Amino acid sequence: MKKIVNEPADVVAESLRGMAAAHPQLLRVRTDPAVVVRADAPVRDRVAVVSGGGSGHEPLHAGFVGKGMLAAAVPGPVFTSPTPDAVQAAIGETEAGAGVLLVVKNYTGDVLNFETAAELAEVDVRTVVVQDDVAVEDSTNTAGRRGVGGTVLLERIVGAAAERGHDLDRCHELAERVGSRVRSMGVALTAPTVPHAGEPSFDLGADEMEIGIGIHGEPGRRRAPLESAEGIVRRLLDPVIEDLPFDEGDEVLLFTNSMGATPLIELYLAHGIAERMLAERGIRVRRRLVGPYVTSLEMQGMSLTLLKLDDELTELWDTPVRTPALSW
Amino acid sequence: MKKIVNEPADVVAESLRGMAAAHPQLLRVRTDPAVVVRADAPVRDRVAVVSGGGSGHEPLHAGFVGKGMLAAAVPGPVFTSPTPDAVQAAIGETEAGAGVLLVVKNYTGDVLNFETAAELAEVDVRTVVVQDDVAVEDSTNTAGRRGVGGTVLLERIVGAAAERGHDLDRCHELAERVGSRVRSMGVALTAPTVPHAGEPSFDLGADEMEIGIGIHGEPGRRRAPLESAEGIVRRLLDPVIEDLPFDEGDEVLLFTNSMGATPLIELYLAHGIAERMLAERGIRVRRRLVGPYVTSLEMQGMSLTLLKLDDELTELWDTPVRTPALSW
Amino acid sequence: MGGCSTRDVIAAVRAGSEAVTEHRDELVRLDREIGDADHGENMERGFRAAVSQVESAPSETPGAVLKLVATTLISSVGGASGPLYGTAFLRAASAVGDVTELDGTAVAAALQAGMEGVTARGKAVVGDKTMIDALSPAVDAAKSAAGSGHGPSGVLAAAAEAAHTGARNTEELVARKGRASYLGERSAGHVDPGARSTALLLGTFAETTGVRR
Amino acid sequence: MGGCSTRDVIAAVRAGSEAVTEHRDELVRLDREIGDADHGENMERGFRAAVSQVESAPSETPGAVLKLVATTLISSVGGASGPLYGTAFLRAASAVGDVTELDGTAVAAALQAGMEGVTARGKAVVGDKTMIDALSPAVDAAKSAAGSGHGPSGVLAAAAEAAHTGARNTEELVARKGRASYLGERSAGHVDPGARSTALLLGTFAETTGVRR
Ligand SMILES: Nc1ncnc2c1ncn2[C@@H]1O[C@H](COP(=O)(O)OP(=O)(O)O)[C@@H](O)[C@H]1O
Ligand SMILES: Nc1ncnc2c1ncn2[C@@H]1O[C@H](COP(=O)(O)OP(=O)(O)O)[C@@H](O)[C@H]1O
Ligand SMILES: [Mg+2]
Ligand SMILES: [Mg+2]
Ligand SMILES: [Mg+2]
Ligand SMILES: [Mg+2]
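Protein chains in written order, with the numbering used here: chain W, 1 to 328; chain Z, 1 to 328; chain Y, 1 to 213; chain R, 1 to 213.
Since the hints were derived computationally from the structure, they do not count as laboratory data.
Since the model is a prediction, treat every value here as computed from it, not as a measurement.
Misleading hints may appear alongside valid ones.
Simulated restraints, written as ranges between beta carbons of each label pair [said to hold, decoys possible]: (1) W:286 / Z:276: 42 to 50 Å; (2) R:21 / Z:282: 56 to 64 Å; (3) Z:97 / R:120: 56 to 64 Å; (4) W:223 / Y:60: 36 to 44 Å; (5) Y:98 / W:170: 43 to 51 Å; (6) Z:314 / R:168: 36 to 44 Å; (7) R:97 / Z:328: 52 to 60 Å; (8) Z:276 / W:169: 42 to 50 Å; (9) Z:228 / Y:172: 50 to 58 Å; (10) W:169 / Y:144: 50 to 58 Å; (11) W:284 / Z:120: 22 to 30 Å.
For every residue, glycine included, the Cβ atom is placed at its ideal position computed from N, Cα and C.
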């Protein structure tokens with residue numbers, strides 16, 4: 001296992017210590033349970049947008065804590081959702097009279113643990129469950145669609161609304177709106193290695209790729225021969241477009257995401273292809289995000305996410321944000 | 001070869017196309033020769049800070065084009081320095097009456113090609129050669145120390161000075177000052193694969209690491225058994241500290257850099273260790289940068305860079321910057 | 001054939017912890033095949049924490065031990081299995097009340113309550129390829145053993161045997177709940193890690209209780 | 001034994017391009033071992049561009065061809081080898097002036113000027129494990145062949161043979177210039193890619209000129 005770590009069991013705690021050291025102006029870190037909180041939390045009369053989930057997807061979520069985005073993030077062990085008391089601690093650190101919006105990616109573990117925390121909370125808590133992964137085709141005979149890349153877009157936009165002072169109802173409505181208009185799909189070229197497991201989560205041949213992967217090193221929906229960038233982008237983009245569907249004339253945000261080890265040179269290349277394919281269909285890309293934002297440790301691969309914009313979403317997207325990973 | 005590419009020969013051009021599409025507000029891209037230029041270039045009466053080098057180190061340099069940093073970047077083929085006419089084109093696009101400062105990493109190819117461009121230029125051009133890599137121990141019997149992580153810090157600080165309106169003399173003096181106070185060292189856990197070569201640049205056993213690597217998939221100074229994060233950080237930090245040397249009481253910027261595929265969770269972990277080791281020596285970390293900023297395609301590994309700050313450098317570091325990869 | 005005391009329950013928890021530690025890699029491997037490779041790690045972390053809680057704060061009744069295990073699992077496991085096992089132990093604790101010794105019927109009732117807790121939280125039914133596929137036959141077997149007059153050790157032995165068969169039979173199933181469900185048809189051909197850990201725990205509980213008799 | 005015409009020089013450039021394309025992978029492999037795995041790619045790109053320039057804009061003299069090759073290499077190769085080979089061809093072009101045919105002495109003088117150009121830019125000396133280790137013995141051999149009255153083909157054949165030996169002998173050297181120097185002692189045991197490409201080009205030039213005679 002090729003990793004820069006000490007004891008596998010300490011990876012998350014040690015990493016959070018480094019994060020706290022790196023960003024003293026932006027955030028503080030509580031340990032036991034582990035919670036990453038905005039430096040200036042609680043922010044009076046502002047809805048606290050709180051998210052979390054297993055670690056290993058960095059910068060998601062802790063890298064999005066700060067002005068204009070998350071009030072707190074709750075990092076669980078690698079690929080394992082955090083426990084309810086950690087979520088409760090995050091609520092306690094950030095609630096400031098306007099309630100809490102929990103952003104939960106749709107995995108059984110995340111849903112159950114956040115649900116328990118919400119039940120136990122004594123403040124006004126609302127939950128949005130992100131489920132943007134179109135790779136999960138049959139969502140009635142499964143745990144439902146996973147929450148993947150769309151999570152970042154939702155956190156940014158709802159975080160902007162909270163920063164602006166919108167109330168919990170309005171933030172929740174916006175979150176549901178973003179959730180209903182965002183779709184994603186991902187591909188892996190290599191498997192990640194979970195530190196405590198010590199070996200790759202699945203085996204891929206030298207000329208194979210895994211299509212429709214999640215972000216936890218789960219194997220994907222199917223395996224296929226590795227293709228050119230053109231082929232790969234088309235395999236991700238077509239199902240995303242057709243699912244909502246996104247139509248000619250729609251204005252969208254295009255998010256081209258690296259799963260970790262796919263370098264920027266390849267990611268921009270893929271992004272350029274996606275822009276061209278969308279233009280060919282008359283879908284108008286108005287905003288874009290390109291980079292490693294929702295990752296799966298050192299997995300090579302990428303995902304594409306489309307969000308159908310409206311004026312309010314676009315305007316909120318553009319408002320200032322100041323976090324370790326997103327800043328403008 | 002596991003990459004998201006079409007024809008290997010087209011990687012750089014296609015990637016730049018995607019980059020142009022991704023950041024229309026920040027930059028524009030010229031092709032043939034390839035040059036990435038600030039959207040608002042030329043900026044009248046401002047020194048144009050121009051850098052470049054082989055591609056494959058993204059976001060270096062094109063990701064640092066924008067307000068408060070580079071006026072232009074000149075991306076060569078993968079791991080191959082650009083030609084003089086490309087550098088000349090960048091000078092032509094950005095020179096605006098106050099001269100041009102070329103930031104060149106110390107590799108024979110970069111030095112020779114930028115040198116030729118500078119000789120042919122008809123405007124006031126000054127050059128700084130970055131050579132911060134302490135892994136090159138014997139710089140008289142080699143091509144001299146390589147330019148690595150320190151390049152980003154120099155580009156930021158000198159870019160800030162140029163943005164502020166400092167003249168070419170002052171910008172050049174600042175560049176030399178940063179160059180004289182910055183030191184770096186890197187390690188690789190895996191080798192990168194150059195698209196046109198199709199196989200890894202060197203072979204590393206499952207339990208080996210390569211210490212003192214550059215950023216081009218060159219093998220390092222020596223091979224050693226893989227160690228814990230503690231051990232790795234110490235092997236990078238000690239020679240960096242002892243080289244300048246950095247002393248008790250010094251104020252520094254600590255830059256913990258991923259070589260590409262080392263994920264943030266590991267990088268922050270390593271950063272935390274470096275902060276602790278510096279504190280133990282009484283060296284005061286005043287600013288930090290953590291992330292994949294000077295990479296080597298999909299290489300796993302990291303580098304540590306220390307810059308000895310003074311008030312002016314710190315203040316310039318903090319001024320606003322707005323580029324694809326660095327923004328505050 | 002006596003009842004199951006507080007000490008017995010504590011011993012069972014300790015033995016359960018040792019068992020999941022011993023089978024940690026097996027559970028990780030099962031979870032790597034159709035999940036995210038953490039089930040062994042999760043269970044080990046949870047049961048270690050449970051043992052240390054149970055040993056540091058003396059509980060007076062079997063129910064109190066089960067409740068402490070429940071809250072510790074909930075606050076230390078995470079993932080899907082944390083809330084599910086946690087809820088199972090919580091409901092089992094409620095079911096046994098504050099008696100100081102459990103007889104066979106009480107053990108069967110505790111198992112049944114536990115299973116209902118898992119179902120309430122996770123909404124899985126038999127055949128969805130989850131821990132329910134081990135737990136449900138275990139409850140049936142436990143109830144019939146208790147009905148024929150078996151004590152705790154006999155009830156747990158029957159439950160464990162049924163759970164083992166149930167777990168083994170998950171191999172052919174296509175998952176419809178949890179992370180394995182994303183694999184669709186590809187989830188068939190692998191034993192469900194949660195069903196396996198359920199069988200493992202019940203087997204260990206049966207053994208410990210059997211030895212203590 | 002005639003002189004070397006403009007047509008001959010063009011043919012040599014074309015053959016050189018074919019040779020580097022054919023040996024592209026070998027040069028990449030050599031450069032992967034002690035450099036950054038691009039020398040074959042760089043040379044192929046440069047010489048293809050040179051051929052297309054030379055074929056599209058008719059040059060009148062050998063010197064004009066060499067100059068066009070020089071500027072094309074400079075503006076299309078990049079890396080260390082681009083400016084170095086570019087300067088070599090530029091100096092060679094100056095050395096031959098505007099004669100329409102090169103004799104053996106002119107060829108030797110061109111090689112010598114080329115080498116001086118590489119030295120002026122790259123500051124390498126013999127033994128530094130660079131293209132100089134092929135070029136320097138080649139120049140010596142060329143001068144002595146020209147001195148004994150050989151024409152272009154004989155001069156180039158002598159130069160090529162010496163360059164091959166020189167390139168082969170770089171294997172044992174520790175690099176002190178270029179990217180390979182970072183490897184220190186580890187650079188020994190590998191042939192320098194630039195020395196190899198120099199020998200390859202000279203060998204090809206000698207062959208083409210020999211055939212045309
Ligand atoms: N909805 C559910 N109902 C019952 N059991 C479930 C459900 N979802 C998952 N499980 C069980 O949880 C196990 C996985 O646990 P674990 O790996 O610890 O958590 P996670 O899936 O979050 O990584 C599965 O093997 C399955 O037995
Ligand atoms: N200073 C120098 N003087 C002469 N030749 C040099 C010098 N530096 C490098 N070279 C030659 O250049 C070759 C490498 O060329 P290439 O791989 O194309 O460029 P780069 O090293 O920039 O990747 C080396 O093998 C060596 O022969
Ligand atoms: Mg998990
Ligand atoms: Mg090169
Ligand atoms: Mg799991
Ligand atoms: Mg090279």
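For each hint, the structure was consulted:
A hinted range of 42 to 50 Å holds for the C-beta pair residue 286 of chain W and residue 276 of chain Z, which are about 45 Å apart. One distance hint, 56 to 64 Å for the beta-carbon pair residue 21 of chain R and residue 282 of chain Z, holds here, with the actual separation near 59 Å. Take residue 97 of chain Z and residue 120 of chain R: their Cβ atoms lie about 33 Å apart, and the range 56 to 64 Å is violated. Hint check: residue 223 of chain W to residue 60 of chain Y, Cβ distance near 55 Å, so the stated range 36 to 44 Å is violated.
Distance hint for residue 98 of chain Y and residue 170 of chain W: a CB-CB separation of about 48 Å, consistent with the stated range 43 to 51 Å. Hint check: residue 314 of chain Z to residue 168 of chain R, Cβ distance near 54 Å, so the stated range 36 to 44 Å is violated. Against the hinted window of 52 to 60 Å, the Cβ-Cβ separation of residue 97 of chain R and residue 328 of chain Z comes to about 59 Å, which satisfies the hint. Evaluation of the 42 to 50 Å hint for residue 276 of chain Z and residue 169 of chain W yields a pass: the beta carbon distance comes to about 45 Å.
Between residue 228 of chain Z and residue 172 of chain Y the beta carbons are some 43 Å apart, a value that contradicts the proposed interval 50 to 58 Å. Between residue 169 of chain W and residue 144 of chain Y the beta carbons are some 52 Å apart, a value that agrees with the proposed interval 50 to 58 Å. One distance hint, 22 to 30 Å for the beta-carbon pair residue 284 of chain W and residue 120 of chain Z, is violated here, with the actual separation near 43 Å.
The structure is inconsistent with the numbered hints 3, 4, 6, 9, 11, although it conforms to all the rest.
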